[in-house]
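Listed in order, the protein sequences are those of chains A and B. At position 171 of the first sequence the residue is numbered 160 (the working numbering), and the sequence of numbers has no breaks. At position 121 of the second sequence the residue is numbered 175 (the working numbering), and the sequence of numbers has no breaks.
Treat each hint with caution, since some may be false.
[Claimed, not checked] Below, a list of computed lysine-lysine pairs in the BS3-like style, where the Cα atoms sit at most 30 Å apart:
id	chain 1	residue 1	chain 2	residue 2
1	B	K97	B	K152
2	B	K97	B	K87
3	B	K97	B	K256
4	B	K97	A	K326
5	A	K264	A	K105
6	A	K58	B	K87
7	B	K90	A	K326
8	B	K90	A	K58
9	A	K105	B	K90
10	B	K260	B	K97
11	B	K87	A	K81
12	B	K90	B	K158
13	B	K397	B	K373
14	A	K105	B	K87
15	B	K97	A	K58
16	B	K252	B	K152
17	B	K257	A	K326
18	A	K326	B	K260
19	B	K158	B	K256
20	A	K196	A	K96
21	A	K58	B	K152
22	A	K96	A	K264
23	A	K326	B	K158
24	A	K326	B	K252
25	A	K58	B	K158
26	A	K170	A	K264
27	A	K326	B	K87
28	A	K81	B	K90
29	B	K87	B	K158
30	A	K81	A	K105
31	B	K158	A	K81
32	A	K81	B	K152
33	A	K81	A	K58
34	B	K264	B	K244
35	B	K152	A	K326
36	B	K97	B	K264
37	A	K196	A	K105
38	B	K97	A	K81
39	B	K158	B	K248
Note that these hints are calculated values from the structure, not bench results.
The chain contents come next:
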Amino acid sequence: MSATTQTSSRFQQGLSRLLQSRVAEVLSYPHGVDRYLEVFNPVWSATEVRARVEAVQHLTADSVTLTLKPNANWEGFVPGQFVQLTVSINGKLHTRCYSPANSLHRKDGTIELTAKAHADGFVSRYLREGVRIGDVVTLSQAGGEFALPELRPERVLLISGGSGITPVMSMLRTLCDEGFKGDITFLHYANRAEDMIYAGEVAEIAKRFDNVTVLRAFADEQDGGELSGLFSSEHLFNSVPGFAQATTFLCGPPPMMAAVEKVWEEQGISDRLHKEQFTLATAVVDDSESAEGEVRFARSETLVTNDGNNLLEQAEAAGLTPESGCRMGICYSCTCKKTAGKVRDLRTGEISSGDEEDIQLCVSVPVGTVTLDI
Amino acid sequence: MSIYSTLTPEQFDAIGQELDAIRNREIADLGEKDEKYIRNLIKRQRQLEVAGRGLLFAGFLPPAWLAGVACLSAAKILDNMEIGHNVMHGQYDWMGDKEINSRKFDWDNTCTNTAWKHTHNFEHHTFTNVLDKDHDIGYGILRMSEDQEWEPRFILNPILAVILSTFFQHFVAVQSLKLEDYLIYKTKTKEELKAEFKPTWKKMRKQLVKDYLLFPALAGPFFPFVFAGNVAANLARNLWSSQVIFNGHFPEEVEQFPESVLEDESRGHWYVRQMLGSANFEGGRLMHIMSGNLSFQIEHHLFPDIPAHRYAALSPEVKAICEKYGLPYNTGSFMKQSLSVWKRIFKMALPGKAKPSDKGLRGKVVALMGESQSDSRKAA
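Excised from the complex, chain A in its bound form (with noise of 0.2 Å):
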């Protein structure tokens, strides 16, 4: 390290000690150091991780890669683990997660998210069709049990599919940096070979490196990749010799992946299967007028039955006390987070979306199960 980065470094420190100082926070009381500091530059943050992004990319037709410069909070990852990313969204924020792609060992301290644009994908479009150079988000930090070994396991199996692909690359891409000298499979499935993202440098790094084997399969496809079809333990069997001595790493679409934890049960070696789901099942929307499904309030521990009232009579009949007012949706006491189900507005009988948010219960009936942060 050169005596200025080393200055720098100690500046920083120095500096951001200051920002979270006391008296930073009473001369900035109620707002906070951070409400100013982005005033002058949106990336500024005392402990938010904000990143700006540096690139914007299309390694296929519907996916979007983007390179994000993190600001000084952020505090790595470990190939396997995710990130939130929130953007806006005309004017709402949204939060998705995503695995940073890129090796460990990236020099320019940036990290690379890569996502697929699903049709039915509100944030996903966005990213691709949306975002452009210079713009910021922000991102927690990285999180998920599902990463790579401090100490690198011997042998290597990767399988992902779709853009499951994403954390088994950045191991992929962190094992070749480290010359990592151990056998690597690489299984990827995706529905056609222009669909897979990362193809080609997937291929750059099965020709530049000898312990490196790429299999792929395309479902819709049967001579583009090594295997064909969707996953089946043949491929297994016949393709990767001494799998089970593998540490595997798997992240795809549910379905799949429950085909190879099937074998891998079955083998009885679950404890070498490590494994990612990156989409939830998604659930069934009630849209009749009869009341369905549970209220749940989890903090107080407390279920019940939905009746079809409003959600705050009915935390009220459970016993509880959430802070309330006016019952008529314009006084916001009751408002609390949702941290998952979707609600009916009584007023413009508008359905909220499933994700975590903030809700008025005075005005809000359940569309199936709901859990409340109560």
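Keeping the supplied structure of chain A fixed, place chain B upon it in accordance with the hints.
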């Protein structure tokens, strides 16, 4: 006879439906435009505040002191009115921003978010201009209605109004305590008051330390200049915001209601009460922004949770509805409304008689006040 008692139930319903339709349309239209507006405004407010506080450090130079006070006053006014008041109404809750929402937002003012939402969002907006329910009718200090029983202390109405305006942020901060219940009506004990004051005092202390101790101390030998500058900025904000708020509900023609109107009140009735109980004032774009768009008090009371920058565009529609049903749409220049307010303040100092036309309503109120004044106060 008030128009309130001549409209038919069908008319009330029709008014309710028309206004609901406007509300739904606006809610459906919320988006990037509103986000940009509030984020930009917050940015400007923070810039003004930083500039104001910076200039005050050079406050030993008179032009810097004056410019500093101007910037800081404007910053505090924007923070409290167009940003704080509106954000705490939940106008931007839909954005999902953890900083710009009614639960978390806190303002540069001694009143806590929780206390404000209770006395303002709930009591004042739900029970607008209903005697004994809307504490904003006089703030427990002034007599602002003929139907409010006269007490000897109200002789001082104009002086009390000046004191209220001068220390407005502190009065607003302690409004939820209903001090008069302890000091005058003796329906609240000292212990109750103490317990209720605790969270307010915590916030007051922080604000006072920031404005009157820490920032002046940072200026070292120029302590007095910064101190005086902060006093001036807080005073400017207090006087301006109290006048704006008075103009919204106290001009002479604005109606007040007895508690009986709340029984089985329909959405339409509620809307009409809001229109009869509020008054606008006219001005340019800057005037509207600096008054937190409370210059559109009528629209604000109809749609308290719709972003306030939309009120100007809604006002012709609201006016047309008023005309259609023969409802007054009370507006005038800032000066006209202010004079009207102060006329009422002076008039109410004397034990006045209610207008004969209001006798029906007043009879009920007087009976109610006589029987259960303290109870209804408590309930409020």
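Would you pick out the hints that fail for this structure and give their numbers low to high?
Violated hints: none at all, because every hint is consistent with the structure.
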